[in-house]
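So the chains spell out like this:
Protein chains: 2
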Amino acid sequence: MKQYQHPTIDQITLTGVLHALSDPVRLNFVQCLANLMCEQPCGSIPTPVAKSTMSHHLRVLREAGIVYIRTEGTQSLTSLRLDELSTKFPGLLESVLKAALEESAADPAK
Amino acid sequence: MKQYQHPTIDQITLTGVLHALSDPVRLNFVQCLANLMCEQPCGSIPTPVAKSTMSHHLRVLREAGIVYIRTEGTQSLTSLRLDELSTKFPGLLESVLKAALEESAADPAK
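Taken in sequence, the protein lines are chains S and H.
UniProt numbering puts the first residue of the first sequence at 1, with every later residue one more than the last.
UniProt numbering puts the first residue of the second sequence at 1, with every later residue one more than the last.
Chain S on its own, in the form it takes in the complex (with noise of 0.2 Å):
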């Protein structure tokens, strides 16, 4: 059974959190996530990419300790780190989700 490494709350940075949220496809990956509020098994959420360029836009996020990735079987199963984060960068995921929500609210096309 594949296992995914994830970094510690310590080894999670603020530039590497900005630089996972700074792609328009994995941003809208972590704002679905976060709004089903639950984990997710790989592929379940639609993207416009091909798998294999999800697949990395997941290892960046799983690297930057924004999502947690386990498997079960032989489903991935992809959660929000949401309590970490919220620990380590308090209101700034928060705040990213909001301003997101804010954007694709004013101009659908994004």
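Treat the hints with caution; some may be incorrect.
As the list claims (entries may be wrong) - Here are the simulated distance ranges between beta carbons:
(1) H:L101 / S:L101: 22 to 30 Å
(2) H:T8 / S:V25: 21 to 29 Å
(3) S:G73 / H:S52: 51 to 59 Å
Unchecked claim - With the C-beta cut set under 10 Å, the calculated list includes, among others, these residues of chain S facing chain H:
(4) H19
(5) D23
(6) L93
Please keep in mind that the hints were generated in silico from the structure rather than gathered at the bench.
Every residue gets a Cβ at the ideal spot worked out from N, C-alpha and C, and that includes glycine.
Chain S is fixed; fit chain H onto it per the hints.
Using the frame of chain S, we list chain H on its own:
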């Protein structure tokens, strides 16, 4: 006299802002500008990189809509677009700066 192009508030994107802030040198420069609270001559804020590298970083910050650069005589003066950013993404820059401060307080080597 060199004229700098700046995005309008409508052209500023969340992912552009996050990307610009995701580099340690740029983030540290923005922190210094925020602390100084007024426009600064380019070169007055110490940075650990060569002048040409800093020019690139300033361009990224300017094109993302984070800083405003104007020339006065032979000087280029840089300021944060704090009011416009606060209008576009309320609370975002503040939460990033707060997280940066907390991170450097927790690990002064960063």
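Hints, one by one, checked against the model:
no., hint, result
1, H:L101 / S:L101: 22 to 30 Å, "holds, 25 Å"
2, H:T8 / S:V25: 21 to 29 Å, "holds, 25 Å"
3, S:G73 / H:S52: 51 to 59 Å, "holds, 53 Å"
4, H19, "holds, 4 Å"
5, D23, "holds, 6 Å"
6, L93, "holds, 9 Å"
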